[in-house]
Structure formats: C-alpha cells, structure tokens
Amino acid sequence: MTSDVADPGEAVAIAPAADPGFLQRHGGSIEYILIPGAALVGALAVFGIFVALFGKNPLDLYFYMYQGAFGTWFSWQNTLTRAAPLILTALCTALPAQLGMVIIGGEGALLIGALAATSAALALPSMPPLVVQLAMVCAGMIGGGLWIMLAGGFRQYRGVNETISSLLLVYIALAVLNHLVEGVMRDPASLNKPSTREIGAANMIGSIPGTDVHWGLVFGLIAAIASYVLIYHTTFGFAARVAGGNVRAAKIVGLSVGKLILTICFLAGASAGLAGMVEVAAVQGRTNANLAAGYGFTGILVAFLARQNPLAVIPVAILLGGISASGGLLQRRLGLPDASVLVLQGIIFVFVLASDALYGRIGFLKGKS
Amino acid sequence: MDFGRISRRHLLQGSAAITLGSALGVRSASAADTTIGFIYVGSRDDYGYNQAHAQGAAALKRLPGLKVVEEEKVPETDAVEKTIESMINLDGATLLFPTSFGYYNPHMIKMATKFPKLRFEHCGGLWTEKDPTNAGSYFGYIDEAQYISGIVAGYSTKSGKLGFVAAKPIPQVLRNINAFTLGAKLANPKATTQVIFTGDWSMPVKEAEATNSLIDQGVDVLTCHVDGPKTMVENAARRGAMVCGYHVNQSPLAPKAYLTGAEWNWEALYPKFVKMIAAGEAIPNFYRGGLKEEIVKVSPYGEMVSAEARKHADDIKAKLTSGDYTIFKGPIADNKGKVMIAAGTDRGQKDPELEKMDYLVEGVIGATS
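Chains as they are written, first to last, in my numbering: chain A, 1 to 369; chain B, 1 to 369.
Bound conformation, chain A alone:
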C-alpha cells in the first residue's frame, strides 16, 4: 500500500468548478480498476501485434480467447477449474507481502500439503468420509503452513533471505515427495508411475453441485475474503501492515514482529497446503509427481498482478485461468505453439508492473484535470 492516494487538501485547493466530490472520494479506488484494466488492454494489443507478425489475424485471436475462456458455460467451468488452485497459491505470496516479505515457495507448501493430506487419509482407513476430509484439510493446512513458517523462521531468527529459502524449499519438498512416493509410501501396484495408494472414491470431495468445478474454488474464495478481512479490518492485519511499512517503527511501538512473521507465514503456507489437499481430494485421488504442475509458481504471478491484495487475487486468478483455458483453443484453431500463452502472460506481467508508476499521477482522477 505504498501508492499515494489523491491528497484531499491539494485537490480541494485547485478543484474545478464541476462537481469534483465523486472523484475526490473515489479517485483512488477508480485508479485500482482503471490502471490494471488499461494495462491488460495494452498487453492484449501488443500480443495481437505479436500474433499478427506470425501471420495470424489478431481478431481471430481475441475471438478464440474469449470463446475458450468465457464464451460458453463449459468454457467458464474450464476457466474456474484452472483458477481455483491459483487463488490459494497466490495467497501464499500475497499474505507475506503485507509484511514486506517476498515468499515464492507456494509450490513447496502445496506439495507438502498434498503429502500431509494423503497421509492423513491413508492413516484413517475406516473412518466416515467427512472425518477423513476434515482431517485432510487440517493436515494439508498444517503441513503447508509449517513449511512456509520454516522460511519465515529462517528470516526472523537467522537472517536468511526468505525469497531464496522459500524457493529452495520447493526443491526440497519435491525431493521429499519423490522420495516418499518412490519409497515407503509407494503403492506396489504403481509400477511405472510411482504413486501412493488412493485415498478412496468415498473420500473425494467432488464438484460443486451442477458444475464440473471442484470445491477448491469455494475454499479459495473463502480464504481470499478471510485474508482480506484479516489484513484490512483487524488490528492484527493493521499491525502486519505497520511492520511491513517499517519494521523499526513497528518494534518501537511494541509490536512483536517475530510473531507476526511466523503467523502470517503459517497462514500463507496453509492456503497453499490447502490447494495441495484439494488437488489430492478433488483431482488426483493420490499423491504422485503429477502434483508438481506449477500452480505454486503461477500463484506468484497472480499475487503480483493483484498487487498483493487478497481480494484482487480472485479476479486475477480467474483471468489467468481464462488465459490458460483459452490456450488450448489458440493451439488448435490458430496453430500457435503453447509458448504463446506464456508470451501473453509475460507481456501482461510487464505492463502491470510498469503501470505501477501511474498511480497517483493521473490528473483527472485527482479532480485536477
């Protein structure tokens, strides 16, 4: 929250005759919609030029992107299914960002959460499904939470850069997963694809009724809204933002920065761990190397595009889900390689980051025109 909102005093002093009240009151909020929106349009325009260089019609491109992502009910479900894990993994980056920390290890927390959730389900073979599912949620969140808390602890007590340590913890998590899945947890029947035993069809959490979208979407929405309330409407969240703004000032006013870091890191990891649990309980039905599909890494992109706002994570995740959902159609109809979707993601990322410089500088939003 570093961007300066329009200074009311200055705006009043040079306010034009036409009613400036609305812009004065809401100019800051409008900026948060207008600037990323313009960045998105700009990115799509540049991508259109890029595609035109390959001899494809950009209008076809936009049409297929719309059709593949939002054009039909099926496309919507496709988009939302892809967005669900991204909301949760994005929170793993967005929450610590409130404290000024750059955590990029959501993928590791997802894998550990998946392992923990699978272990919980396999440890409770004859319990009713609801008990197993609750145990999986708890295990997944605790597993993922502790994993990122580790990075937070290293930072607080050992001065280790949390960006590096959280990234390296991803590779450790992957190695732990492979070791267990190919060793003690391996289902002997999984000959050529080492996997754990299945958690059982009864324990799967299934889809939201009437759709193909799994419950991970609802978990993501709840987690994002809860994070928003926590950060912007509680004293805890206020304390976190103070510490994020200036650690020394936070210490002087008596905030326990260490506790804040560990708690926030735990919550961040817990949401990525929950994403791992959902991948097991709604999609794969067991743990194997398939879980390392990169949701944790795409989550970083989502968090930065959402400017680390937990609520903005939701639309951004849906947008990126839509881009990836339409990627298939671009390949099939326009013959573009898969990498073109990555090019688009990269262009959007650059535009959104560059547009950061515009906040507070758009004259008419301050009522100055």
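Simulated from the structure, these hints should not be mistaken for laboratory data.
Any given hint might turn out to be false.
Unchecked claim - Below, in silico cross-link-like pairs of lysine-lysine (DSS-like), each with a Cα-Cα straight-line distance of 25 Å or less:
no.	chain 1	residue 1	chain 2	residue 2
1	B	LYS317	B	LYS336
2	A	LYS193	B	LYS350
3	B	LYS130	B	LYS114
4	A	LYS193	B	LYS110
5	A	LYS56	B	LYS67
Let chain A serve as the given structure and place chain B on it in line with the hints.
The following block gives chain B in isolation, referenced to the frame of chain A:
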C-alpha cells in the same frame, strides 16, 4: 451450449460452402469428417516422446476425411480433462489420443466414463478389466529395438564402455537398459553399460551433466530413456562420442554420431486404428506389440556402423520380427550376482514378470535405488 460449437469462422465457412455448394450443385464433404484429438505432455517437436506421437498424428492428417486437432504441453492434472472436454465440445472430436502415461488414471478414465459413446486411446498399456470399455491403452515392446541398438553399440564401442542416461528406475526403463546391455554383450561379451538416473522425464541440465560425466569416464557410445533425447544426442556428438537414439530418429541432430536407435512406429499404428474403426472392428482395449506388430522400429544405420554389426543386427532383427527370438532367456543374473531368470526359463515378449522388472542385469554399472 450448441452455439459454442459454431465459431464465427465456421459460420463464414459454412455460409460460403452453402453458397458455393448450391451454386455448383455439390455436396459438402466436411459432413463426413471425423475429428481426432491428440494431447501431448511436452512440445511436439521435442525430438522425443511427444514428437513420436505427433508423427503418428501427421500420418492421420494425410488420410482423407480426417481432421486432427492437437494440443501440446498439457500437464497431467485436471487440465487434461478440460482439454479432452474442450476438444469434444468445441471441436467435435470423437476419437481421442491422450498420449502421456500419467493421463490415464484418473483423468482419461473419468472422461471415458463421462462420454461413453466416444473412443479413447491412451499410450502406456494400462487398461484393465475394471476400466471403461470405450477406453483403450496401447504400448510397444521397445526393448526389442533397444536390443538391436545394443548390438550395434557393442560392435561400435572401442573402450567397451557404454552409457545410458535414464529418467527413473521403473520397470519400463530398467527393461530398456537391460535389453540394450544384453544386446551389447552379444557383440562384445566384456561390454559394460554405465547408467545414470536423472530422476525425472525432462531434466535437460541433468541430462547434459550425465552425458558429460559418462564421456569423462571413458564411455564412447551413449543412449538414453528420457522424454527428449535431444540434449544427450547433441552433447555426446559435440564431445565426439557416438549415440543410439530413442523415441524418434535423431540422426538430423548428429548425422556423424548417430549409429541407430529405438523408435516408436506410431505412424504405422494410428492409421491401423482408424481403419479398424472405419471397418467396424473393435480395437482390443489392451493392445501391445513389438517389431513384429510394427509398433516399434529401428532407425536406419549410420555410415560408421560396420558391415559385421549390420549383419548381426539385421539377423537378430529378422528373428524378432518373425517372432522366434527371446531376449530375456535364462540364465540371467543381476549386477549383484543373483540369478533373476533361471537357466532354461524363457521370458518372452508378453511375460508379465518382465513388467515388474526391478533389477539391472550383469554388465550394467549402477543401482536401482
């Protein structure tokens, strides 16, 4: 929902076709088109696993009345389910080839259950009695081609040291390593194969390191079993070593170093499948074969392969093709001296014991764990 199937382009094409059709009095041929969907886990020009399937898809494209849609880099998550549904809903695909091993369970099974009237063909040989009957899984005994590569390698090596860059110590990979080594020992009883496992299917950096490390140890002929042999082939050729390819013919990458290679023959199998469907025949749900069934093949020999090697390799190839040769013929001991296949026991191509292979034969330097 149905509007989703009609893209703007199709509308335009359709109206143009109707105008043209009514003007010339011809019937549109596109009504009889069958759409076939191919899904790859990596990029389709990887000189490896995915390219082999893409070559099969290309063979289908050349047949009249078939439309092929392709999508690459689809992860083994619910993304592949959405890709399958998208191909069905938006492209009208009626025959689908999800080609990666990890697509099968649970993803393809789920889709085959959801769309019982459509046909699914998966590569991996995983179908069992309890799976849907519209799902099929095919695979090839490519160890037969590896055996031929081994013979050629055994004649070509000067140091007697062969190298194998492998992904994971799973039965399919171990069987290839063992067949290659047994083949080499036919030509040179003292030959050894040093194996390095990289830990995953696509690890270009580790594959390059493994290649260099093998050559540093005196290995002068290399082969591999990873998704994309390109890294190994190019690096080995640059270092002056010779190579045997895998998945597809990599001789364009290293024309002077390429001895021969074990290739998939999907361009022969896929048209066969389509013809069987067109003739109303049922494709066996579990479909496997080797050189004899034209599911695998051996790359043409490179210039540097000696006449002696060619003769011996061709001789064994002819026997394998006629079906009267056994590669895993007792006595066979593992590289710790334990007899794995007793004298007098023949383990033929389809022997289920070979599917569980968890050892390396005598002559292989390396360990499975």
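Requested in this report: Determine which of the earlier numbered hints do not hold for this structure and return their numbers in increasing order.
Outcome: Checked against the structure, the only hint that fails is number 1, while the rest are satisfied.
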